[in-house]
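J.: Listed below, chain by chain, are the residues.
Protein chains: 2
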Amino acid sequence: MRKVRASIIGFGSVGQGVAEVLLKKGDELKSLGIDLDVVAIADSKGAEVNLAGIDLKAALGRKREFGTVAIDNLTGEDVIKSVDHDIVIETTPTDIETGGIGLVNMVAAFEFGRHVVTSNKGPLALKYRELVEAANEADRKLLFEATVGGAMPIINLVRDTLAGNEILSVEGILNGTCNYILTRMMEEHASYEQMLAESQELGIAETDPTYDVEGIDTACKLVILANSIFNQDATYQDVDVTGITKVTLESLSLAYDEGYVIKLIGEVKKDRLRVSPRLVPASHPLAVGGTLNVASVCTDLAGTITVTGRGAGSIETASAILSDIVSIYKD
Amino acid sequence: MRKVRASIIGFGSVGQGVAEVLLKKGDELKSLGIDLDVVAIADSKGAEVNLAGIDLKAALGRKREFGTVAIDNLTGEDVIKSVDHDIVIETTPTDIETGGIGLVNMVAAFEFGRHVVTSNKGPLALKYRELVEAANEADRKLLFEATVGGAMPIINLVRDTLAGNEILSVEGILNGTCNYILTRMMEEHASYEQMLAESQELGIAETDPTYDVEGIDTACKLVILANSIFNQDATYQDVDVTGITKVTLESLSLAYDEGYVIKLIGEVKKDRLRVSPRLVPASHPLAVGGTLNVASVCTDLAGTITVTGRGAGSIETASAILSDIVSIYKD
Chain A
1 MRKVRASIIG
11 FGSVGQGVAE
21 VLLKKGDELK
31 SLGIDLDVVA
41 IADSKGAEVN
51 LAGIDLKAAL
61 GRKREFGTVA
71 IDNLTGEDVI
81 KSVDHDIVIE
91 TTPTDIETGG
101 IGLVNMVAAF
111 EFGRHVVTSN
121 KGPLALKYRE
131 LVEAANEADR
141 KLLFEATVGG
151 AMPIINLVRD
161 TLAGNEILSV
171 EGILNGTCNY
181 ILTRMMEEHA
191 SYEQMLAESQ
201 ELGIAETDPT
211 YDVEGIDTAC
221 KLVILANSIF
231 NQDATYQDVD
241 VTGITKVTLE
251 SLSLAYDEGY
261 VIKLIGEVKK
271 DRLRVSPRLV
281 PASHPLAVGG
291 TLNVASVCTD
301 LAGTITVTGR
311 GAGSIETASA
321 ILSDIVSIYK
331 D
Chain B
1 MRKVRASIIG
11 FGSVGQGVAE
21 VLLKKGDELK
31 SLGIDLDVVA
41 IADSKGAEVN
51 LAGIDLKAAL
61 GRKREFGTVA
71 IDNLTGEDVI
81 KSVDHDIVIE
91 TTPTDIETGG
101 IGLVNMVAAF
111 EFGRHVVTSN
121 KGPLALKYRE
131 LVEAANEADR
141 KLLFEATVGG
151 AMPIINLVRD
161 TLAGNEILSV
171 EGILNGTCNY
181 ILTRMMEEHA
191 SYEQMLAESQ
201 ELGIAETDPT
211 YDVEGIDTAC
221 KLVILANSIF
231 NQDATYQDVD
241 VTGITKVTLE
251 SLSLAYDEGY
261 VIKLIGEVKK
271 DRLRVSPRLV
281 PASHPLAVGG
291 TLNVASVCTD
301 LAGTITVTGR
311 GAGSIETASA
321 ILSDIVSIYK
331 D
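Protein chains in written order, with UniProt numbering: chain A, 1 to 331; chain B, 1 to 331.
Just so you know, the hints here were simulated from the structure itself, not pulled from any lab data. Mixed in with the good hints, there may be bad ones.
It does not matter which identical chain is meant; a pair holds if it fits inside one copy or across any two.
[Said to hold, decoys possible] Calculated pairs, DMTMM-like style, for lysine to aspartate or glutamate (alpha carbon to alpha carbon, straight line, at most 25 Å):
id: 1; residue 1: Lys57; residue 2: Asp300
id: 2; residue 1: Lys63; residue 2: Glu20
id: 3; residue 1: Lys330; residue 2: Asp37
id: 4; residue 1: Lys24; residue 2: Asp139
id: 5; residue 1: Lys270; residue 2: Glu214
id: 6; residue 1: Lys63; residue 2: Asp86
id: 7; residue 1: Lys63; residue 2: Asp160
id: 8; residue 1: Lys127; residue 2: Glu193
id: 9; residue 1: Lys270; residue 2: Asp27
id: 10; residue 1: Lys269; residue 2: Asp27
id: 11; residue 1: Lys330; residue 2: Asp139
id: 12; residue 1: Lys3; residue 2: Glu214
id: 13; residue 1: Lys270; residue 2: Glu198
id: 14; residue 1: Lys330; residue 2: Asp300
id: 15; residue 1: Lys24; residue 2: Asp271
id: 16; residue 1: Lys141; residue 2: Glu28
id: 17; residue 1: Lys330; residue 2: Asp35
id: 18; residue 1: Lys330; residue 2: Asp271
id: 19; residue 1: Lys57; residue 2: Glu28
id: 20; residue 1: Lys24; residue 2: Glu166
Only chain A is shown next, with the shape it has when bound in the complex:
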């Protein structure tokens, strides 16, 4: 049995999802040889530290009641630097302009010899190469399955399950909000504006939906895929991006009459990173509806492998984080 001490840095929806999943899966982890204690949780107001292991149920309750877990006046960075532990679960909000505190936290984690498992796209979309080098130098792991497609496995699928294959391209629907809006426009014969409003009401789209509907979120995920699969050093600026705000009901209807749907497709090849609304045959594996995510990986040996799953949700994202934690410690 391997004793593992973890911190959760960032205690919003995903961080709380991680706590819930760890609460639920303690025995499962032990059966895999991992005895994991969360020894610190940090949110934007402070932190709780307990080297004997935090009572996650109590922490979740306190967060819900008071909006914070803060007991000590420590930042996430302070925790990473001062609390003795093995693995940083970095789930702070993403910042695609500068990488934000997520980037600071990851750099600090490697500096102090800790593994990083993260759902935070910004740092990876901006500073992938530097982070990988920092991880290698510290002989620690940087795992980020949760950054692309939530519970839909794509990064680990390519790395492990398709090992030995040359990856020729990846294309897919990597943003559930856009997929929901486009799917619902056709189902309800409604305008973009109407279905954006509906998805905002349902909490599927943010009050400011720019990040999703302009394709920025998809572009960040493409950059992460390009860097990790093709070992590139791409950044957000390298992606040719068109969002869904100009997609009309008329174009969806015309496509439908010819047996097509319109989807916001992200495409990664060695020489192209592109996000754009595209026609997809209605019977094609990429033509999934609702908030689903999907990715098709084109390979030299295995042909095309397509994987579909829930691209968002705190528990689903936490599931991807859990599988990354297991992969660090198994064997």
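Add chain B to chain A, keeping to what the hints say.
T.: Just chain B now, with coordinates in the frame of chain A:
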């Protein structure tokens, strides 16, 4: 760099595919730290043994020209017992009545301390528990991604990528021949008999199609999934099986008018193993056409993950074998 010596036991379509893939991917394997030599190849007429490493290109040429690689009068079992090597790639034809020589070969491999990577369903569908125990006792691996769904990753997906999840069920289309016949009946408005004849002409169905169209192949794959995912000790007799021979064009057309397709679905739950033609909504992720295979894995955390890929083909199956070999030696 890890020096690995392998044998290929069974040199039909899949065995030759493995040789082709190893020829093509030698450098790729070296970049993963694996320096693999094939030191023996056996087919039904004899074997070639060369401890310095067989020239795979020459062996493939000889097989094509003379129908055999035989130089020495040795069986596969002889090779496994007498040639010093690390890993047996077992690709003999499947025998679901007794397990056949595949079973004998696997037992011998563990007895002599060698890993087994296989595409051979029969032994696993009949004697899963015994084989796993023999592997554990010998402290060797038994890997069999290639037995279910060809290049479509399902066993390793569940084991690695969905680690930590409880698997609630797996359902899918696990036989490309049946999927092809049902897809083409609807496309051509033709009878089962007509499209069976077409698929036999194209080499998609065997001259005796019983194994595929009666659902036996799907049932064997379900048994392997049940045993490996749910740690059961199921055998073929535990599966409730109905094939596709009674599916009529009329029923397909009626389904189509209501927005459904009919697919031969295999279903694994803790308490049920079933193969039967079922209605699937046309827009459902399981509704893939042609010879494609698909599997939906229902989990407690990650929700439902669906994976689609080519279920057959020698190179695709060899790709699954390659990923298993890599997984033995990586890290």
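J.: For every hint, state whether the structure bears it out.
T.: Right, here's what the structure says about each hint:
no., hint, in the structure
1, Lys57 to Asp300, "between (47 Å within a copy, 19 Å between copies)"
2, Lys63 to Glu20, "within (12 Å within a copy, 57 Å between copies)"
3, Lys330 to Asp37, "within (16 Å within a copy, 28 Å between copies)"
4, Lys24 to Asp139, "neither (30 Å within a copy, 31 Å between copies)"
5, Lys270 to Glu214, "within (23 Å within a copy, 44 Å between copies)"
6, Lys63 to Asp86, "within (24 Å within a copy, 54 Å between copies)"
7, Lys63 to Asp160, "neither (37 Å within a copy, 32 Å between copies)"
8, Lys127 to Glu193, "neither (35 Å within a copy, 59 Å between copies)"
9, Lys270 to Asp27, "between (42 Å within a copy, 20 Å between copies)"
10, Lys269 to Asp27, "between (41 Å within a copy, 22 Å between copies)"
11, Lys330 to Asp139, "both (17 Å within a copy, 16 Å between copies)"
12, Lys3 to Glu214, "neither (44 Å within a copy, 50 Å between copies)"
13, Lys270 to Glu198, "neither (37 Å within a copy, 39 Å between copies)"
14, Lys330 to Asp300, "between (29 Å within a copy, 21 Å between copies)"
15, Lys24 to Asp271, "between (43 Å within a copy, 23 Å between copies)"
16, Lys141 to Glu28, "both (22 Å within a copy, 22 Å between copies)"
17, Lys330 to Asp35, "both (12 Å within a copy, 24 Å between copies)"
18, Lys330 to Asp271, "neither (35 Å within a copy, 29 Å between copies)"
19, Lys57 to Glu28, "within (17 Å within a copy, 47 Å between copies)"
20, Lys24 to Glu166, "between (38 Å within a copy, 11 Å between copies)"
The structure is inconsistent with the numbered hints 4, 7, 8, 12, 13, 18, although it conforms to all the rest.
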